[in-house]
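Participant: Now for the letters of each chain:
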Amino acid sequence: MSSLRSLIPELAARSDASLRSLFAARADLWHPPVADFAALAARASSRASLSRAVERLTLPQLQTLQAMVLVTDPEQDKYRTVPELAGVIAGADPDMVSGLVAALHRLALVVAAPPPDQEPDKEDVKNDGGAPRFAALTSVREVLGAHPAGLGRPLRELAAARPQSRHPALELDPAELAGLLAGAPPQALGVLEKFVDSPLGTVSGARRSVSAEAAGANPVDWLLFHGLLVAIDDFHVELPFEVGVLLRRGRIIADFAPAPPAVPVERVKTSVCANAALSAIGSSLRAMTALLGEVSATPVQTLRSGGVGVREVRRLAKTLSTDMAQVCFHLELAAMAHLVTLDPDTSRWRVAPTGWPDRERPEQWLWLASAWLAGDRLPGVVGTGSPAVNALAAEAFRPDAPVLRRLALETVAEVHAEGRRDDATEPVAGPDAVVVRAAWRRPRLAHRLHAVLPGVLAEAERLGVTGSGALTAVGAAVVAGRWDDALDLLDAALPAPVEKVLLQADLTAVAPGFLSPRLAGELALLADAEGQGPATIYRFGAASIRRALDAGRSAESIMAFLVEHAATDIPQPLEYLVRDTAARHGLLTVGSGATFVTSEDTALLAGLLAGDAFAPLAFTALAPTVLVSPAPPRAVAAALRKAGLPPALAADPSRGAGPGAGLGAGLWSGGPARTATRPSRGGEPAPYEAPQAVASVGTTAANGVVLPGNRLAEPDEVGAQLVLLRSKPVLTHGAGEAAPAIVLETLRSAVRHRRAVRLTTASGSGEVETLRLYPLSIAEGRVRAFDPGHDSERIFGIHRIMDVEPEEDA
Amino acid sequence: MSDGPLIVQSDKTILLEVGHEAATAARHAIAAFAELERAPEHVHTYRITPLGLWNARAAGLDAEQVLDTLLTYSRFPVPHALLVDIEEVMSRYGRLRLEKDPVHGLVMRTTDFPVLEEVSRAKKIGPLLGPRIDPLTVVVHSSQRGTLKQLLLRAGWPAEDLAGYVDGTPHPIALTASEPGSGTGWSLRPYQNLAVENFWAGGSGVVVLPCGAGKTLVGAAAMAVSGTTTLILVTNTVSARQWKDELLRRTTLTEAEIGEYSGAVKEVRPVTIATYQVLAMRRGGLYPHLELLNGNDWGLIIYDEVHLLPAPIFRMTADLQARRRLGLTATLVREDGREGEVFSLIGPKRYDAPWKDIEAQGYIAPADCVEVRVDLPQDERMAYAMADDADKYRLCSTSDTKSAVVETLVARHAGEQLLVIGQYIDQLDDLAARLDAPLITGATSVKERQRLFGEFRAGTLHTLVVSKVANFSIDLPEASVAIQVSGSFGSRQEEAQRLGRLMRPKSDGRTARFYTLVARDTIDADFAAKRQRFLAEQGYAYRILDAADIGELQE
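Residue numbers (our numbering), protein chains in the order written: chain U, 1 to 810; chain R, 1 to 555.
Check the hints yourself; a few may be wrong.
[To be verified] Coverage of chain R stretches by chain U, computed from C-beta distances (three or more under 8 Å per stretch; other residues unrestricted):
#1 9-23
#2 34-41
#3 123-137
Just so you know, these hints were derived from the structure itself, not from any lab. All residues carry an ideal CB built from backbone N, CA and C; glycine is no exception.
Okay, chain R solo, but in the shape it has when bound:
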C-alpha cells in the first residue's frame, strides 16, 4: 500500500492527515466530491455523500476518477463496499435530464425507461409532470422545475439540468481598478477569482468563504461577468447599505443604478438590494413583496448569507430555476439541517476554502480564542440550582461575576478596538453602564448605528457593547478583541459569525482575540463545549482559563 495522506473509513468518511506532504494535492482531488466536515489541526474529516457525488458528476467527474483518486491517495486499502457504493450512486445521476424542447418547452428525458416510469408513478412527483411525448420523454411545466429537481433528488434520481438559463436584461457592469475615494489600486484575490470562475462555469451554486474573506467582492465580480440586471438579497438594512457602498467603490455602477428595497425604501433599479425580511413579510396570508423575485427579468440573483435564507424565499426560489443564482456564506451549517435544500435549490457548492488556508495566505486575520471559566458565587449557584429549566441558561449566562471579568479584560485591552457581545439586553445595559460604552441593540435606529459604527471605525470610539444584531454583515474593520458574555444557546453558526467579526485583516497584522465567558458547572458550559467543538473542528485552537488566571494570559 502507498503511504498516502488519506484514510478512507468504511463509515463513508475520509480522514486527511494535514501534515502529510501530499495533503494539498489530495485535498484538491477529494474536495470535488467530498464535503469537508471537520478541520481540526491535524486530521481533517471529509464525508462522502450522495449529494456530493452527484455534484461531482454535475461538474464532469465520473466514478472511475473518484475511485482512482481514493485508491491513489489512500494509505490503507479502501473498503470495497464503499467503492461499489460510490459507483452505484454516481451512476444514478443523469439518467433523467431536464432539457429544452423546441416544440414542447421544458421536458424531462431519460435513457432508462424504468427510471422514468418509477419517478412518474411516485406520489409527489407524478402531479408535476405533464403528458408523455414518447416513452422516454415527458413534459414538465417550467414553473415546477425547482420543485421537481428537489423531489427527484430526494427520490435518489437527481436530474441533470440542461435547460439552461434565461439571459436577463443586459446591463453592463465592470469592476474598477482602483477605489474612487482613495485611489488605491485593488484587484481580486486569487481565490476570489477562482470562486467566480467556478460559479460561472457551473451556472448556479454556493460559494463558501470565511467571514472577512471578501464575499461581497465575489458577488460584485459575478455581476461583472454576468453583465445583467441583478437582484441582491441580504439579511438586513445595514448590510444592504454596506453592499451599496462596496458596489459603488468596486464597480462602475453609479448611485442611480443601485436601488434599495427594504422596509423604509422600495426602489427597483437595474441592481436592486432587498432584505430577506421585507420579502418574507406576510400580510393577510400573502407575501406582497415576493413578486420582486420573479417580476423583473433579473439575469442574476445573489443570496447573501445563504444559510439564513427564510422558508418563504426557499419556496419562491424553487420557481426561479431558470435564473442564475449565487449563494454566499461563511458556514453552510444550518441549525435546522436544511443544507441539502440550499444545495438543491440554489445550486451545489462551487467553491470552498478552509478558513485556515485563507488565513495562512494572509487575507484574514489570525484569531486566538480563549474560554474563560467563571465560578458562580454560592448564592448564584443556589439560585441556578433551584431555577426552572427555562430560566437556567439566562441565570448562569448573565452572572454578575462575568461583568467583573469583562471589566478586567476591557482594562487589559485598553486602547484596542473592542466589542462586547451578548444575548440579554439587561446584562448588556449593565455592562454598557459599567464600561461607559455605547450599546447597540435591535432598538437602536439605523442612523444611530451607522454613526456609532463610523466612530468605531474611525478609532474615536474604542469599546462597543452589541447585542446579536451585530452578528451579521456589519463591517467593523479594526475590531481586534471581542468578548462574548452570552450566546443564543449552543448556536455554532452564531459563534462562527461572531468570530468572523474579528477576522477582517488588521492593518498591523495583529492577532485578534476572542474571549468567551462561561459559567462553570452549568448548561452555559455545555453549550460552550458544543460551540467550541465546532470552532476546533474549523481549525481554531482555543485555550481554557480559569477567571482567576487571566493575569497570566500572555499578550
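Bound-form chain U, shown alone:
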C-alpha cells in the first residue's frame, strides 16, 4: 500500500486537537486552505512541504527518521516496531525512540501500519499485535537526499546499476560478509574508517580490474577486489549499505545524540548586559528617528542597478554624524518596518506616513524588533561581497531570513535559559555556541545559518535584543513572542520623555534625557543641536534665533516657550540674545515681485491698489510710491493701458543702464519702503486668483519666495516645486543629484575638445584616487580615457567617478 493511501485515512482519523497541532507545526498544509483529506495528505507528502517539515526536526528526530527511511518502506509493507527501530540506533532505548517516532508520527512524516484486513483506525493500530509498527513516508526519502544517515546504496541496487561489472560481495550472505570484513587487512580497515560520514570516496581509476595478487599489496585494491567498495564511475567508489552497517556494528545510526550538546558559555555581569541592551535600545530609536527626519527632508535616491549607493549612504552618515554601517542597518530596518517606502515614480525612498515620531518609545521599539524578526532581508549582507552589496539592494533579499533569524535567536534563548544562575551574571551565547547548538536543534537548517549568524547577532546587539552578547529579559520576551511582557519591561526601562530643559549662561540648553518630539522639534528650530547620546545640547546663537524668527516666531513667543520649558531661570545673556536679534531682525527683507509700478502720485497708486479691475494683478504696496505685482511687466502694462493709464516702461536694470535703472535699484534699497510695508505676521494670505486673468493677456506669473502676509500664495504643488527649485542654489559642488549629470557633461566636453581633466574616482574597494586624464569616449556607462602618467588607456565606470574638473590650459 502506498504511503499516501495509508496517510489519508490516518489523517482523517485524527482528533481536532491533533490536526490543530499538525497545522500549527506545518502551516503550509492549510495555507491556502485545502479541500479534503486526500488533498491534505497529498500536500503533506509533497516534496516542498516535507522538506520544510524536515527542516524543523531536531537531530535525534532526524536521525530516527533517517533510520526509518532505511529500514522501512510502506510500499512493500515493511513496517517496524519501536524496539526494532531502537535496535538499529546505537545508544537508544525503546522509550526514547517511542517518543521520537510519536513526534514524527504527529508531524505526519511517519505512518503507522494499517491492520491487515480492516480499515485503519487509530484504536486498532494501538492494539494491533501489542506493538504498533511504523514506516516513514516514501517521499521523505527524496527529501533526505541520496545517502540518508551517510550510508550507501545496498549491494543489490549497486549491482543493478552496473550489471556488467563483477560484484563478488553480492554472493555473500551477511555472516560471510562479516567474516570477510573481520579478516580484512588492517590497512584496508583504515581506509574504510574514512567512510564514516559519507559513503562516497574518490579513487583514481576506480574501475580498474584488480588481480588477486595486486589486491594483497594495496588496501584499496583489496577492497575493490572483494567488492567491499564498489566503483560507480572512473573516479568514485561507494561503500555499500551492508558494509557500512557492519562497520557501524550492525547499527544504522552510530552517533545518536538524544540530548543537546553542551556548549561553551562565557558569562557577563547582568548589570553590564542590561546597560548595553538599554543603551542600544535608546540609541537605535534615536538613530531611527534622526534617519527618518533626514529622509523626510531629502528622500534617499537609489542607483539604477538598485539599492542606495555608497555616496548617498556617506551623505546620510555625515549628516547624522554616525558611521556608514549604522546607516545601512537603519535603512534596511526602516524598509523592513515599512517606515520608508520606495516611490516608484521617482525611485526614491520616502518616509511613509506612519506617525512614527508620535508613538511612545516602547511601541517604537517593538515595531522595529517585530519588523526585524519577520523581515525577509539580511542587513548583514550589505557591504559584504565583491562588488559590495548596497543598502536596500535586491541582493540582501532572502526569503528564508525570518526562519534563520528565528533559529538563531531561539538557540540563543535556549542556551541562555540553560545557563541562568543566581550570581548576577548572564550567559553569553557566542557564535560558536549558537552554531553547535543550532546544528542539533535544526540540523537541516544549521549549515545555512553559519554564514548569516554573525550578522544576525550583531543586529540583535544593535537593537538591544541582546546586551553584551547575552539575551535580555526584553529580548527573551520578544523571541518568545510575548509582546505584552516586552512592552511592560520597556515601559519600565525607558523613562518618560522630559519636558524641561536646563538653560545656561553659555547659551546652551541641555535636555537631560529623551525630549518629547514636539519640544525637540521646537528646540531644533531655535538652536543647533550638539552632541550624541541620551542627552542633547542645544546651542543658541544669533543665526539660530534668526532662523526661528524667519519661521514666524516672535521674541515674545520664543521667550514664552523658554519660560514654559526651562527647569531653571532664563539666563540674562540668552534673553538679551533673543530680544536683540528680534529687534534687529528684518532690517533687510527679501521678497519677490515680477513688476513694479512707481509714481509720485500716491493717490493714483492707492487707487490701483483698491481698484477691483486690478485685483488679478495682486498689487502690494511697498511704499506709498511703489507697488509690486507678481504678474510680468507686459501683463501689468497691458492692464494699465486698458484702464486708460498708459505707463512708461522702465528698462531692466540687469540689462544695462536705462531710464528706469535708478528706480529699480531704489526699489530694494529704499529705507522707508521696508518699514511701511513690512508684512504683518499672522495675516491671512488671500488666495491668488491671478493666473486665469493674467493668462488672458498671454502670460503666466511665476512667483518667488512667498512672504507671510504677501498675497502671492499659490496653492499648487508644481508651484511649490518651482518655489523650492528657486530657493536652492543653482549648482552645489560635488553633491546632490545633479552631480552625475555634471560629471557626464564635463567628460563629454573634454572628449570633444580633447582637453585633460582631473578625475577623482573610487575603486570597488573604496580607495579614492585622483588622476589627470584625457577622456577618449563615453559609452555604456563607462568612460575610456588616456592616462598620460602611465602612457596607457584606462576604463572607469561612470558611477564610480566622484568628481571631474576640467584641467586648466597649460
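Start from chain U and add chain R according to the hints.
Facilitator: Below, chain R without anything else, positioned relative to chain U:
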C-alpha cells in the same frame, strides 16, 4: 536605571548635573579620569580622553573601577561601545615600562613582545632606542627619556615611567607658621594641602588652581616637602620679585638663599627664580641660558603659569625627565592647543578645582561680569565698514564712545580700587589722560611699576590704566573693579587672567566687578562672544547691557 547625576554620551563626554544630590561624589569619582571641559551653572561637561584614562592608570585606577563609576552614577544606560573603548584604551598603558637597570641604566621593558617590536620599528621612535638586551628589553639613552615618552604617547602606547627621580642637592626648607612682618598666623588651605600631596605622590605634574587661589603657596609647600635646591621658572621680572617676597614671607628661606636669574641679575643660589624670557633668549642660534636648567643638580623645578611655557623650554624640559617637575597654572587652555605636551612633558594634571568651588569656600572673591554694548556712531561705523580687515579690530575696539563709557563707569565706582585694561597704547594714553590716572605699559620701568603697584596696594592710588603687561603674575590685592576696553582678539586665556586680577579675596568680602566694553555689530562683539562663552563655561554668569542702560545697573 538609577537616577544618577551623570549622563554619559556616546561622543565621549559626560554631563554632570550640578544640582543633583550625588553630584559632588560623582564629580570626585570621575575627575580621576575625565577632563573638565565646561562648567556652566547647571550642567558640567567632562571629556574622556585617552590621555585622561592613562593618567588614571598612572594614578592606580583600573578599567574595572572606571566602568563601575560610570555605571553607578549614570542616569541612563552607558553606550556599550564607549565602555569597550575605555577598557581597550586603558589596557594599552603600562605594556611598556621605563625602568632603571643596575647594569644597563635606563631601559624600556615590555610584557608584550609585539608592542615593543611595533614601537621600535616606528620611524621616529627607533633611533631613540639603544641595543636590545633581550627580546623584552631595550636600552634607552637617559637623555631621550622625555622625547621617547612623548613619542610613545603619540603612538598610543604610553610608557609607565618607573625610573624614578634624582634626589637633587638637599637644602632644608620649611614653611613659617606666621608672617615675619605682621606676625599673623597662617596655614595652608585644605585644597592647597591636597594639591601638594597629590603632586608629591605622583612625582611630577600640573596643579590647576584659579587666579588668586594661592598657587605660590602650593609651590612653596612643594619646596618644603622636597627639601632640595629648587629652580622656579616665572613669566617676568615683576613676578620673580613677587615670588621672592612671598617665599621670604612664607618659608624659612633667607634673602641670601634666593637668587634671581633675569635679564638684569644672574644669581644662582639654592633657590633660583628665572624668567622664561631669559632662558628662551637666543643668541647666535644658541640658547646661552638654557644650561641653567640642567647645569645644576636641582631637586625640583617649578613652572609658574605653565600654559605660557615657550617652545625652547618645552624642548629642554624633555631632557629633564629625571627631575621632579611641578607646573602651576590657572587655565590649562593654550590657544596653540599644546595642552597634551604639557601633560606629557611636565606631567599629568595632579589637582584641579573648579573656580566656583573655591569661590564657594570663600578663598577667592566672587565676581560679577558685565558686558556693556556700545553703539558706534555713524562716522565710526562707516570708517569700520570701509577699513581693511587687518585694521577692523583696532578701529572698533578703540572707539571714542568707549572712552566716554569708561569715564561714566569710573565715576560710578569712585573710591574703589579700579583697573582699566586695554590692548592699544594710543587708546590707553587717551584714557589715562582723561581719567588723570597713571599708565603702566611694557615701556614702564620695573621700579616705576613697583612704585605704582605699591601705591595702588596701599590705597593712595585708586585708578590704574594698564596694558597687557598686567595680565600675569602681578599682585593687586584690592582691585575690585576692572574695565576691559580692548583685548587681544578672542584670547580666552587672557580673559581668564584679567578676571583673575580681581579674584584675590577682598577684606570686606565685596563682589568684584568686571566690565567688558564691546562695540556692537563688529568683530569686537564676535571676539567678545567667544571669550564670554569661555567665561560662562567656567561658571561665570555674565550680563549684557546696552551702554545707555548703565544707569540702571544695580550695585
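Participant: When I compare C-beta atoms, does the stretch 9-23 of chain R have three or more residues closer than 8 Å to chain U?
Facilitator: Our answer is that it holds, as 6 residues pass the Cβ test (under 8 Å) against chain U, meeting three.
Participant: For the stretch 123-137 of chain R, do at least 3 residues have a Cβ located nearer than 8 Å to some Cβ of chain U?
Facilitator: Coverage by chain U is violated for the stretch 123-137 of chain R (0 residues, Cβ < 8 Å).
Participant: Are 3 or more residues of the stretch 34-41 of chain R near chain U, judged by a Cβ distance of less than 8 Å?
Facilitator: holds (count 3)
Hint 3 from the earlier list is the only one contradicted by this structure; the remaining hints agree with it.
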